[in-house]
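Colleague: Using the sequences and the hints given, assemble the complete structure.
The letter at position 56 of the sequence shown is residue 56 when you use UniProt numbering, and the numbering goes up by one with no holes.
Keep in mind the hints are simulated off the structure, nothing from the lab.
In this text, all values refer to a predicted model and were calculated from it rather than measured experimentally.
Every residue, glycine too, gets a C-beta built ideally from N, C-alpha and C.
There may be inaccurate statements among the hints.
Unchecked claim - Label-pair distances were calculated between CB atoms; the ranges are: (1) Y91 / A32: 33 to 43 Å; (2) E26 / T97: 40 to 50 Å; (3) A88 / A41: 42 to 52 Å; (4) A41 / R93: 51 to 61 Å.
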Amino acid sequence: MTHLICLDALHEAYRGLEEARLRCREVAHALATIRETLDQALDLAYQQQSFGPLNNLFDEEEAALAIYEQAVAKVREAEGRWSAVSLALAYERERLTAGQVFSSRAN
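Modeller: The following block contains the structure:
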């Protein structure tokens, strides 16, 4: 029996998806940490009425948000790839099963 979709490709797609999800969680944690630091700094700045040092934190938060958005996009891409390979494998199995049933009836 010949398979058009290799199970290795399905496993590779799943590994890619899991790696993308892990990276996304890591980046989300980093973004949350930066936002927490920024919130604390904002509270302190309001108390002291000194807002000058916040620019760097806003820049860090903006950069972290951009990285997070990229990670989310990569998860979506990986989900799409895994889904496509899964569907192709299911279709292939269905076609092979239908072919086996047909060939057994022909005998």
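Colleague: Any hints this thing doesn't respect? Which numbers, in order?
Modeller: none
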